[in-house]
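Q: Sequence:
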Amino acid sequence: MSEQTPVKRVRTRHFAKAKADGLKITGLTAYDAPSATVFDRAGVDLLLVGDSAANVILGYDSTLPITVDELITMTRSVTRATQRAFVVADMPFGSYEESTEHALQTAVRFMKEAGAHGVKLEGGVRMRKQIRRITEAGIPVLGHIGFTPQSEHNLGGHVIQGRGDAEQQLLDDALAVQEAGAFAVVIEMVPTDVAGRVTRALDIPTISVGGGVECDGQMMVWTDAFGYTTGRSPKFVRKYANLAEQLEQAVGNFINDVHDQSYPSADESY
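Going by numbering that gives the first Met the number 0, the sequence shown opens with residue 0, and the numbers climb by one from there.
Since the hints were made in silico from the structure, they are not lab data. Every residue gets a Cβ at the ideal spot worked out from N, C-alpha and C, and that includes glycine. Be aware that a few hints might be false.
With a cut-off of at most 30 angstroms between alpha-carbon atoms, the simulated DSSO-like pairs for lysine-lysine come out as follows [to be verified]:
1. K128 <-> K234
2. K111 <-> K7
3. K7 <-> K18
4. K128 <-> K16
5. K234 <-> K18
6. K234 <-> K23
7. K7 <-> K238
8. K234 <-> K7
9. K23 <-> K7
Beta-carbon label-pair distances, calculated as ranges [unchecked claim]:
10. T66 <-> R12: 29 to 37 angstroms
11. P263 <-> R162: 56 to 64 angstroms
12. V212 <-> A15: 18 to 26 angstroms
13. F235 <-> G21: 16 to 24 angstroms
14. T229 <-> R162: 26 to 34 angstroms
15. K16 <-> L63: 32 to 40 angstroms
16. D259 <-> D20: 20 to 28 angstroms
Build the full structure now, drawing on both the sequences and the hints.
A: Laid out in structure tokens, this is it:
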């Protein structure tokens, strides 16, 4: 979408038009101003300040511990750094499940305090009322169905969703999110053919996180996509760089230069 549809600021209408025109949407996570600046300048359409920050930034072993206040700080830094991308804030576990008013209060905080352009929450049919309440208040909502990390314990871990009889539930969830007013929906860890059928059944765009090529767009956690995190990656991750290795080499060079006193040089001294 970014190359063929130049815009000053991506809006929800641009996502709808991209689906109608068959243009693929691009999305990455972002958690700070330096990375967001680079992604925005490169032309990424959607930046998600994801609760994945719990794992990749704060060092937790799941997304569950991260708080609204922590994500507001990160979202504020991302929105300050962007000029074009549509910035969505992830609503963390425990910040919207209790009631529709609870959900709206959290969403309002992200809009007022962090300058987000929209919010994301997990769940389909069971979150229909919350999505509707937020969208009725004029706040764009990005849905999230399939594998929902905040429910990983209930789902039995990182398990592919939508197989067999579960395909109908996935479709019901997608339609519920659409009917409630979401502008798009993330489909995570779902077989390609199933995600494709859901995509064709919806009027709103689908954004794949391990949902295959037939979705209307693709999103990845940036630290996975560019090799900043180490260890095992999900099957759907393609590494476009190996930043961790490059950074480690650069740090090693710095240490060596300090030890042999080649840094700082005369030109680097006052």
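Q: All the hints need checking, so say for each whether the structure fits it.
A: Outcome of the hint check:
no., hint, result
1, K128 <-> K234, "33 angstroms, violated"
2, K111 <-> K7, "22 angstroms, holds"
3, K7 <-> K18, "19 angstroms, holds"
4, K128 <-> K16, "26 angstroms, holds"
5, K234 <-> K18, "26 angstroms, holds"
6, K234 <-> K23, "21 angstroms, holds"
7, K7 <-> K238, "29 angstroms, holds"
8, K234 <-> K7, "34 angstroms, violated"
9, K23 <-> K7, "18 angstroms, holds"
10, T66 <-> R12: 29 to 37 angstroms, "32 angstroms, holds"
11, P263 <-> R162: 56 to 64 angstroms, "59 angstroms, holds"
12, V212 <-> A15: 18 to 26 angstroms, "20 angstroms, holds"
13, F235 <-> G21: 16 to 24 angstroms, "22 angstroms, holds"
14, T229 <-> R162: 26 to 34 angstroms, "30 angstroms, holds"
15, K16 <-> L63: 32 to 40 angstroms, "36 angstroms, holds"
16, D259 <-> D20: 20 to 28 angstroms, "58 angstroms, violated"
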